[in-house]
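Protein chains in written order, with my numbering: chain A, 1 to 363; chain B, 1 to 575.
One or more of the hints may lead you astray.
As the list claims (entries may be wrong) - Which stretches of chain A does chain B cover? Using the computed rule of at least three CB atoms under 8 Å from a CB of chain B, they are:
#1 13-23
#2 118-124
#3 180-194
#4 230-238
#5 304-310
#6 351-360
Just so you know, the hints here were simulated from the structure itself, not pulled from any lab data.
Cβ atoms here follow ideal geometry from the backbone N, Cα and C, with glycine treated the same way.
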Amino acid sequence: MISIVPRFLKGIYWPVVFLTILLTALGIITIYSASFRGGGDYASKQLIWFLMGLCIFLMTISVGYRSFLNLSYIFYVITIALLLWVLILGEARSGAQRWIMLGSFAVQPSEFSKIATILMLANFLSNRSALQHQKRTLIACLILVGLPAILVLKQPDLGSALVFTPVMLAMIFLWGMKIRYFIFLFLTGTASMPFLWHVLKPYQQKRLLVFINPSIDPIGASYTAIQSKIAVGSGGLLGKGWLQGTQTQLDFVPEHHTDFIFSVIGEEFGFLGAIFLLLLFGLLIVYAFRIVNHTTDFRARLLALGIAMAFSFQIFVNIGMTIGMAPITGLPLPFISYGGSALVANFFAFGLLVSIYKERSIF
Amino acid sequence: MKTALRLKALQIGMLSGLIILGVGLFETQVIRGGHYRKASEQNRIRLIRLEAPRGNILDRSGNLIATSRPAYNVYAIPEDFDPRDIPNLSQLLDLPENQIRFRISQARFASFTPVLLKQDVSKEMAMQIEEHRPDLAGVFIQIGMIRTYPQGEVAAHIVGYIGKISREEFATLDPSVYHYDAWIGRSGIERVFDSYLRGEDGGRQLEVNARGAPIRLLGEVDPRPGSDLHLTLDTKLEARLRPLVVNKRSAVLVLDLKSGGLLAAVSTPGFDPNVFVTPGRSSERLSLIGSKERPLLDRSLNGLYPPGSIFKLVTAVAALETGTITPHTTFECPGYFRFGPKSRPFKCWFSEGHGRVDLYTALERSCNVYFYNVGRLLGEKRLADYARKLGFGSQVPFELPTADGLVPDAEWKKNIRHDKWYQGETITLAIGQSYLLVSPLQILRLVAAIATDGRVFQPKLVKDDFVSIKADKKFSVRPETFKALRQGMLQVVASDKGTGQLARLNFTKLAAKTGTAQAPPGEAHAWFGGFFPYDDPEIAMIVFVERGKSGGITSGQIAKKVAHIYHDLYSPAVS
């Protein structure tokens, strides 16, 4: 028993472990500030989710990423089934069907479908040579990614659905897809914009229009955009201090414990706090790439890259939307936003990364 | 090598995303930080929702059935409100202090959204509040619209009413359309056409001072008023029809055969829809909902009853269409019917027997034995198939949801009742008993089709063109069949032995069929379905009285008065 523990700990990539825990702790502190007046005790709930995430983290590391890759087909099918289930029977909250109730826990399958799709793509791409069948591979990838993305978009969860696109692009890029196919994708994507526009719900269209021109809807969608920008900006260099943000505490910014959590950080911890957070995120990305470079297993490389891409895209869109650099799409900030499914899924993803590092020498 | 290069590119891409964010944050927080700090300190922007006026509902000649009237509503913004003002405010509003406290605490999660304290206060009270406003921070009066139904019970079942959305609905509906205190159509036209009637709410962005008083209008989006809806109903007609059936449980339907529009859909007992929209009438609301008489049920569209003899029309259509009989086929009625010499007799309502009768006479006198014979020849399957073809057992395609009813056959009985179908059930089905359930609207459809050779078979309710209901398949019935039925129905009223003779009119020829449907325990239901003038039908009508004992007597007499009232209103002094 005693000899197992050191063996398990051997080869753990500690910086990633520390960083994820530090980020979650920062998140819980911010969630407390965002929600202590309104009730709901989100900080304690997030703490419980954090402990659960840690368990998943350790379990993932001890099982090893290879088993997950080998079973990726099953995970993929299960998450697709869950997404369908959510669409048909899901618990509706604020007009969207995203949750499945497991006892008193609300589980959001879209969070897990991201990772399942990354696992699936990594496994699929590594089995195919980039020297041939490029066209067929591209079509297969589009179908594999399109299916969960459309189901998530149907919920409707535009933000989570968007994540799938950069993840797929990054992974096929690394796999060795020829540049002309990216040009082709770009052109067809642009050409189908008008069609995609009609797939969106009216309120989603409004949010995108507001991003282009904030004066369109001063009392609706752009109210949020303006108020969150005021929140972040008013934090200045040093911030107003923990629990002192007026924009947050007076409910000017909606959803500030979930999607708009960064406006709390920006307001209460200022530019220095925000940059500190960005640095932590940047370090995580750097470490993720270090892990990619460390392993010789191509499947693992694809997997780690997909996770890094999903992660950085979410950071960019989430922080970007609070300062008007990205349209408002409901996406959580990894490790920081309140939300159990997202936190557990993030720990699962980074558990996979750590396990890739740990098992790099096994051939 | 290529992989390494691509990896490098991806890493640079992701990190530069973060750098761009950093630059953006520097711009927002450091360079423009002072500006935003000031904005947040002066952030006293309040959002006031401007509710869109709900569209009116009018009858065919433009009389208002549902409209909105101005009402003074008292609001408070919780964040600006000073709890020390509660005693004062409680006195002014004549509202208990804990009520005020409760309402304000309810909106704790959106403390800048105004909460409604009291709705529809008198003008005097509104003036008093205005006078005391300097002492009451965060309290203000806004003129809102309140739904009102000026004609009370008239057309109430059709038009329906609105209600406040529930917490569950708020959680599931689009919050940009339905705010947390919104009204929503609860029944009838108000419910089905809610999105059309409600329009789109606007809003006002106000800057307020430290006491919560508005100082500047920052932005405004005008509400888009809901659209009006014009119905085919004639409320004047209905207002005169209602007294005929007051204190009864009944339904009267009048259909304009020229336009296919429903003129009246009376259902009694009725209710006053204002009860649902007027604050302070909640006890009346509860007694309406709990009443054993079920006043909220629209008996004309959703009441389901056995049709009795009026269903013989369907049996006749099936028999004529399948060639089972011709109008001249005769059967002997000794007052009863037996399958074999030893089986039990099924009685005719006239125990002495009608003698040898053809189809016309059988309809005229509503001879059961004739239709027992026809039913036996047809069989349960063909009979049920024809009933379904004529729209029974399924919803009538209509602007409002309607009851579907039940057409039984052997298969249904096996699947649902797990029992065998008996021969005796076939012949009772033929006279409209058995498990059969129909709504007055379904019978109206049949009568209208008979009157117009199948031209009018789908009643409508909304005049406006934008409403298109799914057109149903036309009944595939030969004109000769309809003609034979019209002849029989004429005799029902015109003959001195006809069951509907009490409805005979002195100004024109009315054709009809009566029904007295057994529904033990209790008295029989009274049906009467007819049309007039016989030669060029203008009107089809159904009179149904729950437990009315006799179709020919109870409903027939009412039907006659209905025809007279219609004549009064629509053909003044043609003589």
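Consistency of the hints with the structure:
{"no.": "1", "hint": "13-23", "result": "violated (count 0)"}
{"no.": "2", "hint": "118-124", "result": "violated (count 0)"}
{"no.": "3", "hint": "180-194", "result": "violated (count 0)"}
{"no.": "4", "hint": "230-238", "result": "holds (count 8)"}
{"no.": "5", "hint": "304-310", "result": "holds (count 3)"}
{"no.": "6", "hint": "351-360", "result": "violated (count 0)"}
Figure legend: structure checked against the earlier numbered hints; hints not met, in rising order: 1, 2, 3, 6.
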